[in-house]
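So the sequences go chain by chain: A and B.
Our numbering puts the first sequence at residues 1 to 392.
Our numbering puts the second sequence at residues 1 to 189.
By construction, these hints were calculated from the structure, which means they are not laboratory data.
Backbone N, C-alpha and C define an ideal beta-carbon position, used for all residues, glycine too.
Accuracy of the hints is not assured; some may be wrong.
A partial selection of chain B residues facing chain A, derived with a Cβ cut-off under 10 Å [claimed, not checked]:
hint: 1; residue: A25
hint: 2; residue: F34
hint: 3; residue: A37
hint: 4; residue: P39
hint: 5; residue: Y41
hint: 6; residue: L63
hint: 7; residue: H64
hint: 8; residue: C65
hint: 9; residue: V68
hint: 10; residue: F163
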Amino acid sequence: MRKVVAMTGDQAAAEAMRQIEPDVVAAYPITPQTEIVMGFAQFVADGRVQTEMIPVESEHSAMSACVGAAASGARTMTATSANGLALMWEIVYIAASTRLPIVMPVVNRALSGPINIHCDHSDTMGARDSGWLQIYCENNQEVYENVIMAIRIAEHKDIRLPVMVCQDGFITSHAVEGIKLYDDKQVKEFIGAYQLEHSLLDIDKPVTYGPLDLQDFYFEHKRQQAEAIKNSLKAIPEIFAEFKKYFGSAYDFIDTYKLDDAELAIVALSSTAGTTKVVIDELRAQGKNVGLLRPRFFRPFPKEKIVRALSGLKAVAILDRSEAFSGQGGALFAEIRSALLDEPKRPLTVNYIYGLGGRDIDLQQIKSVYADLEKIVKAKKVKDLINYLGVR
Amino acid sequence: MQELVEVRWHGRGGQGAKTAAQFLAEAALDAGKFIQAFPEYGPERAGAPIRTYTRISEKPINLHCGVVNPGYVVVIDPTLLSPAIVEGLSDQGILVVNTNEPIEAVRKKTNFQKGKVGVVDATQISLDTLGRPMPNMPMLGALLKVVPLVKLEDLYKNIKAKFLKKIGEEKTNANIAGIKKAYEQVRVG
Numbered sequence: 001m002r003k004v005v006a007m008t009g010d011q012a013a014a015e016a017m018r019q020i021e022p023d024v025v026a027a028y029p030i031t032p033q034t035e036i037v038m039g040f041a042q043f044v045a046d047g048r049v050q051t052e053m054i055p056v057e058s059e060h061s062a063m064s065a066c067v068g069a070a071a072s073g074a075r076t077m078t079a080t081s082a083n084g085l086a087l088m089w090e091i092v093y094i095a096a097s098t099r100l101p102i103v104m105p106v107v108n109r110a111l112s113g114p115i116n117i118h119c120d121h122s123d124t125m126g127a128r129d130s131g132w133l134q135i136y137c138e139n140n141q142e143v144y145e146n147v148i149m150a151i152r153i154a155e156h157k158d159i160r161l162p163v164m165v166c167q168d169g170f171i172t173s174h175a176v177e178g179i180k181l182y183d184d185k186q187v188k189e190f191i192g193a194y195q196l197e198h199s200l201l202d203i204d205k206p207v208t209y210g211p212l213d214l215q216d217f218y219f220e221h222k223r224q225q226a227e228a229i230k231n232s233l234k235a236i237p238e239i240f241a242e243f244k245k246y247f248g249s250a251y252d253f254i255d256t257y258k259l260d261d262a263e264l265a266i267v268a269l270s271s272t273a274g275t276t277k278v279v280i281d282e283l284r285a286q287g288k289n290v291g292l293l294r295p296r297f298f299r300p301f302p303k304e305k306i307v308r309a310l311s312g313l314k315a316v317a318i319l320d321r322s323e324a325f326s327g328q329g330g331a332l333f334a335e336i337r338s339a340l341l342d343e344p345k346r347p348l349t350v351n352y353i354y355g356l357g358g359r360d361i362d363l364q365q366i367k368s369v370y371a372d373l374e375k376i377v378k379a380k381k382v383k384d385l386i387n388y389l390g391v392r
Numbered sequence: 001m002q003e004l005v006e007v008r009w010h011g012r013g014g015q016g017a018k019t020a021a022q023f024l025a026e027a028a029l030d031a032g033k034f035i036q037a038f039p040e041y042g043p044e045r046a047g048a049p050i051r052t053y054t055r056i057s058e059k060p061i062n063l064h065c066g067v068v069n070p071g072y073v074v075v076i077d078p079t080l081l082s083p084a085i086v087e088g089l090s091d092q093g094i095l096v097v098n099t100n101e102p103i104e105a106v107r108k109k110t111n112f113q114k115g116k117v118g119v120v121d122a123t124q125i126s127l128d129t130l131g132r133p134m135p136n137m138p139m140l141g142a143l144l145k146v147v148p149l150v151k152l153e154d155l156y157k158n159i160k161a162k163f164l165k166k167i168g169e170e171k172t173n174a175n176i177a178g179i180k181k182a183y184e185q186v187r188v189g
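For reference, chain B alone in the conformation it holds in the complex (with noise of 0.2 Å):
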């Protein structure tokens, strides 16, 4: 892993685009990594675009300003895509994108087109194994395909953790399903 690795995420407002940045962080968190994890605040209401951020390093993390030039982006909502998106992204970039439509689909409405592409239907996915459309789990497991930043037994620790108590068994377990499924799914290009 690259000294200091930085995810930008980008969802709706109600999507869970904080909570997918934060577990993210405390997996690595418990494999022994520094971290931080913060949503970019804005107005805050239901649907509204938002963007949080993952860091991940070896080293005790000093930065405390904005991510500008994220090495991944995770693309939470498919309706959010356009060339804004990869702001700050380079060609050794990658871009993961809940989306159910195909990869070369996605570059056209990006203009991301030397740069790595993972796709995944993580709505659907999340429709199947949790009933309702909540595909930030799903894009959890989208991304570590694509990079392995964590193990997934870290971060089905640490989701059971949070989650057990909170929603019971079976709501986590259909989480972590997702997560598996998505991983599973993603196809790059």
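With the rest of the complex left out, here is chain A (with noise of 0.2 Å):
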């Protein structure tokens, strides 16, 4: 049976976390991300869940203890934002590299400075080389849907990697929409048990963890990362279908909207997508075939399924809310762009950079976009390849 009912972003989040009831959460409050926390430690003080809430010091601490606790074994979450994302960078990185199914909401917003609390994609796609798989969520539905999803793609004995389940900071995890929730007991199914191969805790079978991996042995274990991240592309797709058989919402590494006659297309993350959903439905009506590609996972990074959906359109925007400082886009049209290379019909590709700080992006500022791409096809070429949209 299922229910629906109003939450926000973050509420969804902690929702979902207290239907997975992980043996150990150990987070650190920070603004957008706060509501998450609260609710989840509402759960833990009313007795509603019997995970090991460990309130830390610092987000550092946090994925320390993150890292200690799935290392022996127990299912593990936090959750965090930004600055915070940055301050737990170090264990970030060997949460990966040590192969532990920890799953981490992110509700993202701006890394300072100058010091912000609003929505960009600065501090996840910072991690994007971290070996951390990332989904990124439209709405609230996502968000519920997209947490509990991620506890069985960390877990996938083919895969074992960490998971970030990104939201857009305030935009949703602030706003109240309506969720249609699953029953507890359903999601527990779901999800199932969880046993660690390899505990650090059993004395019978003594195995080491974050040993010194130099010269000898230090590439290996880096290749083996990129050839799990290689493999979640074939194993998440069983989890996608058994997540439709249990409850029905049908999942991919890509949604599309429109898209299939489309010669124009903005490619977006999150929240944006569902914006440029409503311009498409306009611009549709007034017989422009435009669509949309919203990639739902950046990590692993579904080449194939994007490069089929885009090859034979005429122009691409790709939107990225956050700057690369490269000089050649943000990080989702550099890796698009260069995706699309080798593809004999490759559309045009142009690159704006959106939203930073939590600028809002409306209907006009996409409409614009669109506008500019048929420009781009009339003259057949893409005269600035990095534009910033809605800046001053």
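Dock chain one against chain two, each of which comes alone in its own frame, and use the hints as you go.
Next comes the structure, spelled out in structure tokens:
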């Protein structure tokens, strides 16, 4: 049975965590993630979960505690935003390279400075090379479902990697939407029991975690990590299929909207994709062949799916909510453009940096991007590769 | 009802503009509609002007940008009245204000000449019913009289579900009485 309730994106993440009932949660509150930790701490205080909650003194300690807990075999979660993620940076890499299936909702917020508490993707885009998987959510329903699914993804025997479940700070984290909740029992059944194969605390079969790994083996371990990320592209669809069987919602690495017969498309992550869908409906009513591609996963990077979806289009605008200072556009642009390079029917591509520090991205801005794409097709070339949308 | 209704709430930090926006949305959700409710976060401090928003739709809401052209503007604090308060509100839109002044005075302060204006002394109503100045709940009643976005019963049901455990039966009923009173007393011109 399902019920529809009003919840913010943060509450949706906390509710998913309640249903998952991890063995250990070590977390430190930071805006705009605060309501996740607050909500979950309340569940612990009310005795609604048996989780060992560790209220640590910093995010560095939060991730350190998570690494210890996960290495012992505990199902482990935390949550953070922006500077919190930055402070745990050192241990974020260690969690991934130690292959610990920690699941971490990240409420995307601009990384200081200047100091700002609002949404952009500079925090998680900075962590894109850390070896974590990254899921980006369009709305509160996806936050809820992706947090649940992330447990299975992280713990899958062919993956064994930590997962960030990202949502847009304030835009979804603090906006109330109606979401369908699933039964506790059903969620528990879906995620199943967790048994780590090599527990740090198993004294009968002693293992070593985190030893010095120099020229002799470091490289091989990194190579294995790359293989695990590659494997995840094969393993995750099994989890999508099972999620659909249990709960009815269909998931894929990418989400598309009216893209099949489109000539022009926007690529965007998270909540901006929703607003883009509204613009598409309006432009379609005027007879324009426009569409959307939204990567749900940035790690693993679903190259094949993205290339197939964009191949044959005339022009594509890729929107980045973070600046990479490379002069070559944002991270999403750089990777998608690179992925398209060998594609004979590749579209013209152009990059827009937008929405930094929570600058609102409205219908007009998105319309202007489609208008630019029309001009690009007419001119058969891209005049300005990197553009800034909505900046003064 | 139109396909998508957007309401902008103006209040000061601590006056419950966030709660009002959310209660309206939740009552609509209970009635089977699709909803969003969200505040515009600036510096959080009591007394600072804040805006909150409610979206109600017959269809799923994909929009995740700010509300630019609200159909309805509700002003919880009368000291916020100025022409800026009706920004983006068209002549077909409706302005609902907590004030003890007449409609003409509101038009003068806001330059909102053509559209409908509703006025109600929600602060006095909350003093009478609740014993303290919390005009947000009465303003919900005033708005629903001007435009029946949700049924009063749905709103009451939601308020009871949220408030009973938190503030007890007496205060919950006082809040509902305030909504009822404002619903009856709002004048529209």
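Against the structure, the hints:
{"no.": "1", "hint": "A25", "verdict": "holds, 6 Å"}
{"no.": "2", "hint": "F34", "verdict": "holds, 6 Å"}
{"no.": "3", "hint": "A37", "verdict": "holds, 4 Å"}
{"no.": "4", "hint": "P39", "verdict": "holds, 7 Å"}
{"no.": "5", "hint": "Y41", "verdict": "holds, 6 Å"}
{"no.": "6", "hint": "L63", "verdict": "holds, 5 Å"}
{"no.": "7", "hint": "H64", "verdict": "holds, 4 Å"}
{"no.": "8", "hint": "C65", "verdict": "holds, 4 Å"}
{"no.": "9", "hint": "V68", "verdict": "holds, 6 Å"}
{"no.": "10", "hint": "F163", "verdict": "violated, 15 Å"}
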